[in-house]
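S.K.: Two chains, two frames, a set of hints: combine them into the complex.
Each chain, letter by letter, is given below.
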Amino acid sequence: MQPTQLILTLRLRAFGRWVQAHSFELFFLGPVIVGGALWVLHRHLDHLRVPISRLVESPTQPYGLPITDILAFCLLLFVLRLPATFRELYSARDGASILDVLPVSSTARFHVSLAAEWAAMLPTFLILLTAAGVLQGRLLPPLTSMPSVSWRLFSALSALAMLRMVTALCAVRWRFAFRGATTLLAALVLLALGLSSHQPFARLIFLPWVPPAAQIEALVRSCVASSTPTTESLWNKPLTQAGQLLGLYLLTRYLYTRWHRSNLGIARQLSNHRQTLGAQHVLSLLHRWLGARPLAAQITRDLILVARRFSPAVVLAAGIAVTAQGLALSLLLDDNLPMLWRQRLAVSGFSLSVLAMVALVPFLLKHQLPRFWIEKTTGVELEQIWKAKLWTAAVLGLIPAGFGSIVLLMAPNLGATAKGIALLQLLAATWIITSILGLAVFEIAAQPVLGLIFGSLVASALAALIVFYPHAWWLWLIFHGYAAGQIAGRASRRVQLVEVER
Amino acid sequence: MSAEPQTSQEQTEGKPDASQPMLIVDNVSKSYGTLLALDGVSLQADGDILGLLGANGAGKSTLYRSILDLTACDSGTIRIAGYDVGKHSVEARRLIGYLPEELHLYDRLSGWEHLELVAGLKDLDNRAERQDWLDYFGLADRRNVLVGEYSLGMRKKVGLIAALMGNPRLALLDEPLNGLDTESMRRLRLRIEEMSRTGTTFVVSSHVMSFVERICDRVAILRQGRLTAYGTTESVRQQAGMPDRPFEDVFLKLALD
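Top line first, the protein sequences correspond to chains Z and P. As numbered in my numbering, residues 1 to 502 make up the first sequence, in order. As numbered in my numbering, residues 503 to 759 make up the second sequence, in order.
In isolation and in its complexed conformation, chain P is listed as follows (with noise of 0.2 Å):
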């Protein structure tokens, strides 16, 4: 009895592929009842730092799901590193790091307890590298204190490090510096940055625009779930026709407008 043969194509979705750019959304769209959540959205990413933008409900929490196929799209194909995530959900998201931000935590867990059960069930054994991370966000000294009584800002920092920890090669991260001091927003900055140089991929969303400006290669502009400006800042800003407008004021054309 012989195994029916594989097509190209299946073969290239059931591995990871190093020559595919690491995330491909293909023309995808969702809605929920009449509201169209994302309408035909297409964007890459590999190597570099995406900035995923738009105002409240512009769509940017609904494509972040479709990505890690928490929600599954009505039309569209979302690829990762070659899985398709639709078919290879699992395989792919043990590549990915995410930070989402409506963070639910264990109030009944420490901090370092949250890291081993995210560590845990990424199959990772990496105390030294954790300790090194709360260290890096001041946390060292409040690991063993339940979530509970965290700031929001010190839990923000347990997301994170939990989404960043182990190296993965797609960093989804939702709004990371809700909560977070100046100090730690530059140590997030810096991390980033040092991260991307070492081969992640980053998709950030963020309000703050001198953020996204200063650390983000390239943004996507989503606004009532169509994207309306992709490209690298500078390019947005020629696209917006405001070259020498700040950042904040093309974002608000783009997005609002």
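Excised from the complex, chain Z in its bound form (with noise of 0.2 Å):
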């Protein structure tokens, strides 16, 4: 067998074995879910038909779909699985990569890393494109237009995966440290910069995405509207994009085979230096302050681990949580919208980048289960484990939250009473999803997404309770009295119940 079957055989091995440990959530749990809001949503899911079948249908755009949004879809996804690319191509996270030391050829390891790249993207992919269908009615495409989104969805995921590579392999040749921060900064302002700007400058900066979001435009049409694309520009032709792919594909295996072996300790000493600098002093003042007690000591390791991106993970909340807040303040400031609408929305928008940020927190437990010996053998009251990981939600959770209730004072087109009311009930939203998740960590520690879809259906009903039905505020007290009550009283014994790993 040729080493990058092998390799990929093995890969997929490990694939299967992590699907089977996850069947119960993939095949069973998720279904129920999505299903059983699909079921709840569908009255309303028929309204949204209407205008995606005409913004797709009766494009105002050149390529149908505003260009700039799928530019902007492009660039999201490149940048959230950007941190990723770097461990597929370095492996610096886990030491040396048992391939660095094998005799395994540069092109056969560039062909994995491509494939493992490609097919990482492609679930997402699919999710989207099938709630892009299922929205307008029906699960699959037509029979007739199959070949044209196979080949759409292989040449986007394909011209992203690459794109991501190049970027990786140029950033860290040029020694650039691959912070999520500063990576999602960065993508801000091209965002920024493309959306507002028609200059060429900006059209400049977009080049390399225009390819991938022409395919992903031409995809999404296929998959939603009742007809194959009716308009061809020049990146949709086959031969100009057969044509892209391989240049593409020649340049980055050229800068692969050229530059990945000299990287590696490039990329080591990236993924550690940068590592001690950032938020450490400010952290460490922190420790100072809240002194050498157990509770705080987990609560600023917690804190350091998040600053110090202890997984992709952070980056994606973190991108979320700015999204859904660009998202509250845009709703906030449309005019068009009823005051009421305005005020429900943005609060719904900046209770939703809460969310995403402490739903890190079941994540962070994950990572710190191979290392609970240390606080299972110093003598930590269980109660003060539990309670540090409900700090650490709350911490997280007030950072979103105090940029919105900033935002909310700030509205220049709400009245005075609304914008107390909106605060309320941001903070009162706040408080619910902070404390129903952080309580709710040690549920199913070792399964950190089970965790957070309960905990997130719990405090998301609770939430929309207070934005939506603000005057029932004594049912939610209840109800969150209740289900807070009832995690916090049995949290010590979960505590006790996590295994500490061999």
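The reader is advised that the hints may include incorrect statements.
[Stated by the list, open to error] A few chain P residues that don't get close to chain Z, going by computed Cβ distances all over 12 Å:
no.: 1; residue: Glu604
no.: 2; residue: Arg689
no.: 3; residue: His709
[Claimed, not checked] List of simulated lysine to aspartate or glutamate pairs, EDC-like, C-alpha gap at most 20 Å:
no.: 4; chain 1: Z; residue 1: Lys366; chain 2: P; residue 2: Glu604
no.: 5; chain 1: Z; residue 1: Lys366; chain 2: Z; residue 2: Glu383
no.: 6; chain 1: P; residue 1: Lys589; chain 2: Z; residue 2: Glu499
no.: 7; chain 1: P; residue 1: Lys589; chain 2: Z; residue 2: Glu383
no.: 8; chain 1: P; residue 1: Lys589; chain 2: P; residue 2: Asp528
no.: 9; chain 1: P; residue 1: Lys589; chain 2: Z; residue 2: Glu381
no.: 10; chain 1: Z; residue 1: Lys419; chain 2: Z; residue 2: Asp335
no.: 11; chain 1: P; residue 1: Lys589; chain 2: P; residue 2: Asp576
no.: 12; chain 1: Z; residue 1: Lys419; chain 2: Z; residue 2: Asp334
Note that these hints are calculated values from the structure, not bench results. Virtual Cβ for every residue (Gly too), placed ideally from N, Cα, C.
M.R.: Rendered as structure tokens:
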């Protein structure tokens, strides 16, 4: 067997085991939740179908859908996956990869990485396209358009994968530290530039993403619209696409085989050195201020790990939080909406950003499980262990909530009463989300996704109650008190049951 | 309304008792499915250095985990300074410093931050002591470097400092020599001897028999979960019928034959 095939087979086997381990969530719980949500929301989805079809089938832009939106989508996918691409190429977090010391050719490793990068985005695309199709009342695109859909999916994913690989290779070569916040900021600046300007400079910056964006735009049209695309741009012609892909493939392969091996040392340095900078001094001060107490030590440790991006989930959560904040801000400033809805939607957006940040806590605990012996063997009270996670959730939630509160207070088109109500609603929603998710974190410590789903459902339902039915505040207070009391009552036992890995 | 009177045994378990040996392991058994990891193990340690020896898979790590109540015993009791660890694990753990064999640390914390974390969890305010330990093991100039960049020996030193700082009354060191250079091994031995003189009880596992022979007052040898020898190195030699042979040969006979 060729090395490429051998490595891919092993990775597929590992993936198969992962699917097997998560089969309950993937094949039962997930479909039940999604199906239940669709069943509850199906009447509202009917209303959405009309504007989406109108947007796609009566294009006002050269590419059908506004190209800036598709470009923004491409850029988001690109940025969110970039840290994972870095790890895929350099195994920097796990030390030297076994492949670095085995006689495996650079070309074989390049193809493995390319396949992994390609496959990593496939589920996201399939879910989005299926969701787009479901919104239009069908699960699959018409059979006649399947070949073109497959080709577009392949070329869009390939182009995005290779763009990420080229970026990662160049960034390491030129010693640009892969900091999530920096990357995210750069993407936002680019996004703002692209959305607000039609200057040639902005177009030039976006040029690499235009081919995959054109593919995605055609892809969405194929899945959503009743007919195949009628407008063919330069980027949509199969020959042009094949030429672009071939060029990008040759460039990526050349850079990989030329730079990858010599980049390994630089990547390792970047991965470690950059982590000692940043929030260290602030957190050190925080530690001194809180004192050497078990609770303070755990909260400080948690915040340091989040600040140093213990997982790509941190970038993802920050991205979702920033996007939700931006969405809330734009809805708040939209004078076409009635004031009540501006207030409700803005508070919902800010609450979503709180949820995104607090959702990190279950993943933080999962990351800490192999090191849980530290807490378990130092005589810390079980109560202080779960309370530390509650406080970490509160601190993480208060960051976006604080920003949201400032925005709400400064909103020019909300009255004083509306501002006050919105502020109270946001703070109450933050309290509910942080307390429920922070308390529930030990419920299913080894399965953060499952814990997150349950916690988010309860917290979102209660937060929605506050935003949309504020006069029934006593109801959510009772529900919240009951739910939080139930979880808190068994939290210590849950902590005790957490196994320390051998 | 009056509270239920406590029995004398409960009163003893609820607080440390200086009259009792620091560590008592009494007839402890533990199995994982059909695998009997510990089979009626009994031993004591009090103010001395006990070597816990055995081949890979003999049950040493399971015994450490049982002492810390990370794994519940199927039968038998373990007491630390009078605390029954099954009932008062938190109180018992406050008296212990532990170095596991598989040392999982946070790659994204620096060595200093790691020690700060452990000190915080133990409620110790000991900046100066931590700095002394780092100086002692030659880690002071690397204290702000992330653990992810440390060598195996440096990680081991962080684990050792975390276990030994604050003068624990009982130190459980599972394979403390792995990854240490010769100079660090010597320094560790000296520090263990010094702490033992001031009252810390040690239970140490190692495959380096010269270290064990030199440092341990007594040894306990486990084979497939059973205690096959227990006593001073000289008495264990006698027990094996090999009074003049190197201790390595004695160990191989008792642990493997």
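S.K.: Does each hint hold? Answer for all of them.
M.R.: Going through the hints against the structure:
1. Glu604: At roughly 7 Å from the nearest Cβ of chain Z, Glu604 of chain P sits no farther out than 12 Å, so the non-interface label is violated.
2. Arg689: Arg689 of chain P is indeed farther than 12 Å from all Cβ atoms of chain Z, at 24 Å.
3. His709: holds, 18 Å
4. Z:Lys366 / P:Glu604: holds, 18 Å
5. Z:Lys366 / Z:Glu383: At roughly 18 Å apart (the allowed maximum being 20 Å), Glu383 of chain Z and Lys366 of chain Z satisfy the hint.
6. P:Lys589 / Z:Glu499: holds, 18 Å
7. P:Lys589 / Z:Glu383: It holds: about 16 Å lies between the C-alpha atoms, which stays within 20 Å.
8. P:Lys589 / P:Asp528: Cα-Cα ~15 Å, so holds.
9. P:Lys589 / Z:Glu381: Holds: Lys589 of chain P and Glu381 of chain Z sit about 13 Å apart, inside 20 Å.
10. Z:Lys419 / Z:Asp335: Holds, because 16 Å separates the two Cα atoms, which is no more than 20 Å.
11. P:Lys589 / P:Asp576: Holds, at roughly 14 Å.
12. Z:Lys419 / Z:Asp334: holds, 16 Å
Hint compliance for this structure: hint 1 alone is broken.
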